[in-house]
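Asker: Given next are the chains, with one letter for each unit.
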Amino acid sequence: MITVQNLTKFYGNQPAIEDVTFSVDRGEVLGFLGPNGAGKTTTMRILTGYLASTRGTAQVAGFDVASQPLEVKRRVGYLPEHPPLYSEMTVQDYLDFVMRIKDVPKERRSSRRSTVLEQCGLGEVRGRVIGHLSKGYCQRVGIAQAIIHDPEVLVLDEPTVGLDPKQIIEIRGLIKSLAGQKTVILSTHILPEVGQTCDRVVIINRGRIVAIDTCERLSVGLRQVDQLELLVSRASDAFAGQLKRIPGVVSVKSIPQPSQNATRFVLEWDRQKSGNRDVRESAAQVVVEGGFGLLELVPVRMSLEDIFLQLTTEEVREGRILDE
Amino acid sequence: MSKALTIAWRDFRSYFVSPIGFVIIAVFILLMGWLFTASLADFQRRSLEYVQYSRMQFGDLIQPPNLNHMFMNVLGNMGVIFLFLAPIITMRLLAEEKKTGTMELLLTSPLRTAEIIFGKFFAALLLFSLILLLSSPLPVILFLAGNPALGPVLTGYLGLFLMGASFLALGLLFSAITENQIIAASLTFGCALFFWIINWIAANANPTWEKILSYLSIIPHLGNFIRGLLDLQDGVYYLSFIALALFLAHRVLLSRTV
Numbered sequence: 002m003i004t005v006q007n008l009t010k011f012y013g014n015q016p017a018i019e020d021v022t023f024s025v026d027r028g029e030v031l032g033f034l035g036p037n038g039a040g041k042t043t044t045m046r047i048l049t050g051y052l053a054s055t056r057g058t059a060q061v062a063g064f065d066v067a068s069q070p071l072e073v074k075r076r077v078g079y080l081p082e083h084p085p086l087y088s089e090m091t092v093q094d095y096l097d098f099v100m101r102i103k104d105v106p107k108e109r110r111s112s113r114r115s116t117v118l119e120q121c122g123l124g125e126v127r128g129r130v131i132g133h134l135s136k137g138y139c140q141r142v143g144i145a146q147a148i149i150h151d152p153e154v155l156v157l158d159e160p161t162v163g164l165d166p167k168q169i170i171e172i173r174g175l176i177k178s179l180a181g182q183k184t185v186i187l188s189t190h191i192l193p194e195v196g197q198t199c200d201r202v203v204i205i206n207r208g209r210i211v212a213i214d215t216c217e218r219l220s221v222g223l224r225q226v227d228q229l230e231l232l233v234s235r236a237s238d239a240f241a242g243q244l245k246r247i248p249g250v251v252s253v254k255s256i257p258q259p260s261q262n263a264t265r266f267v268l269e270w271d272r273q274k275s276g277n278r279d280v281r282e283s284a285a286q287v288v289v290e291g292g293f294g295l296l297e298l299v300p301v302r303m304s305l306e307d308i309f310l311q312l313t314t315e316e317v318r319e320g321r322i323l324d325e
Numbered sequence: 115m116s117k118a119l120t121i122a123w124r125d126f127r128s129y130f131v132s133p134i135g136f137v138i139i140a141v142f143i144l145l146m147g148w149l150f151t152a153s154l155a156d157f158q159r160r161s162l163e164y165v166q167y168s169r170m171q172f173g174d175l176i177q178p179p180n181l182n183h184m185f186m187n188v189l190g191n192m193g194v195i196f197l198f199l200a201p202i203i204t205m206r207l208l209a210e211e212k213k214t215g216t217m218e219l220l221l222t223s224p225l226r227t228a229e230i231i232f233g234k235f236f237a238a239l240l241l242f243s244l245i246l247l248l249s250s251p252l253p254v255i256l257f258l259a260g261n262p263a264l265g266p267v268l269t270g271y272l273g274l275f276l277m278g279a280s281f282l283a284l285g286l287l288f289s290a291i292t293e294n295q296i297i298a299a300s301l302t303f304g305c306a307l308f309f310w311i312i313n314w315i316a317a318n319a320n321p322t323w324e325k326i327l328s329y330l331s332i333i334p335h336l337g338n339f340i341r342g343l344l345d346l347q348d349g350v351y352y353l354s355f356i357a358l359a360l361f362l363a364h365r366v367l368l369s370r371t372v
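For the protein sequence lines, the chains are A and B, in the order given.
The first sequence lines up with residues 2 to 325 when you count with the numbering used here.
The second sequence lines up with residues 115 to 372 when you count with the numbering used here.
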């Protein structure tokens, strides 16, 4: 549905994004994750035809953004970071105006209007002046204008920013209700949002894509070092030594847990050095054979937050992640 | 082009949601009323003088007062007032959209850039036409009270309309360049005034430059219309002025970078 290839945009000599390449399938929800200034908005603006790219191509629904902008714009609904609202208009007048400039046929306008008003929960405020609405309502009007022409693709730039928790939940619910029928790209720097609403994630930093994958595969596949937590009731020094000898284990930390009358061991192991045998299996064998009294064995998964921080901070070898 | 009209209508209505439209119209009407009253008083004094001179058999020495002459002054003054009002009408057209972010809606909707430019231009032109229409009681009073020639009044209005449209096109261009309304208004006013006085140096320039500068100046063209002279050259001047300004505004909007 969306194909982006080597998209590059320079502001003067400063690259905002460089060689961004990804694609989105029909009906998929793609999350765009990155710190502020990473290039999320620039990418979205190019996709929606607001900005021209310096290099590279972007296609939406088979139409090239640069050479067939009108066809693309008919099929894309866009919610910019600041919802583009005319504060002096009423919600209803505003939506009517948007339908006119977005080529909604005359006979469909009134039904589209009532559908979208209901979908976005705007029925009560339809006659109110937009400038008098709360931020949450403004955001909903913003989403309403993005979906009113029933576009195939939705591009939402930080749809929940600046809202209170209750409004955030409502907006997320609204986005979820659209998923499946529409192809959605949404950007955010709020991590749990991605996990909750998106099928796949693009992590972008300093204008470059550092990772693309599903949330689950990102948190499993990306790790260079895995962690395993063991809680045992009869720990001894010998036990720690045995654990250390397991191939692949990098470090073992012991944390006494007096309240449970046990000790917690944290194992870090490197996937590449552990050979064919899974460290989890070896560790389990050690505990059981030695009779150390296993209470818990928990493989630690990295949260999206850890991945994000790892990917967007300096120490990360960006190349490695993409090569995988 | 129907989408251009949609934009024009939305913008025209927004003039009257905020008080801008009403303020502009009120200022214009008050000033015009005052100027018209002053011209009428002047006309009355001249008429009395003429009657007195005629009684004393000196009637040939002075021109009989002429209603059309009097109205020419009024139309000329209307042009000056419009020099001040045009920047205020146009400054918000695109600058405000850029500032509030609604430009993103227009530029990501299936609209051609030309539709946006024409829509904005029509909105300003519509407000301007309304203002001109609201000045119509003045000539009506003249026709009720006296017997002026209709032709020069109509061509005068045509000239004012074209001149005003030129200022509006210029204002739209500057509104496209900046997102600051004050800057847009200042540049529009400065540039329009410059075209107004560009020929002041003409008398002291060499003949070629004198010709060029006089042609470029707005005043002589408006003067012809107001005197009732319909010259193709004057029409071409205004239309090319408008076309150039709109074309440049179109380019500016196309070449946006941020």
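By construction, these hints were calculated from the structure, which means they are not laboratory data.
Small disclaimer: the values here were computed from a predicted structure and weren't measured.
Heads up, the beta-carbon is just placed ideally off N, CA and C, and yes, glycines get one too.
A few of these clues could be false.
As the list claims (entries may be wrong) - Covered stretches of chain A (chain B as the covering partner; in silico rule of three or more C-beta atoms under 8 Å from a C-beta of chain B): (1) 100 to 109; (2) 193 to 199; (3) 280 to 288.
What the hints assert, rightly or not - Cβ pair distances, simulated, as ranges: (4) A:Asn7 x B:Leu368: 20 to 30 Å; (5) B:Leu272 x A:Val162: 47 to 57 Å; (6) A:Thr58 x B:Arg365: 22 to 32 Å; (7) B:Gly304 x A:Gln93: 39 to 49 Å; (8) B:Arg226 x A:Glu269: 13 to 23 Å; (9) A:Phe11 x B:Gly265: 38 to 48 Å; (10) B:Leu358 x A:Asn7: 50 to 60 Å; (11) B:Arg365 x A:Phe11: 12 to 22 Å; (12) A:Arg110 x B:Ile255: 38 to 48 Å; (13) A:Ala67 x B:Ile134: 29 to 39 Å; (14) A:Thr116 x B:Gly265: 37 to 47 Å; (15) B:Gly304 x A:Gly174: 48 to 58 Å; (16) B:Trp148 x A:Arg110: 42 to 52 Å.
Claimed, not checked - Some, not all, of what chain A presents toward chain B, calculated at C-beta under 7 Å: (17) Ala67; (18) Leu71; (19) Lys74; (20) Arg75; (21) Tyr79; (22) Pro81; (23) His83.
Asker: Check each numbered hint against the structure and report the violated ones by number, ascending.
Answerer: 2, 3, 8, 9, 10, 14, 17
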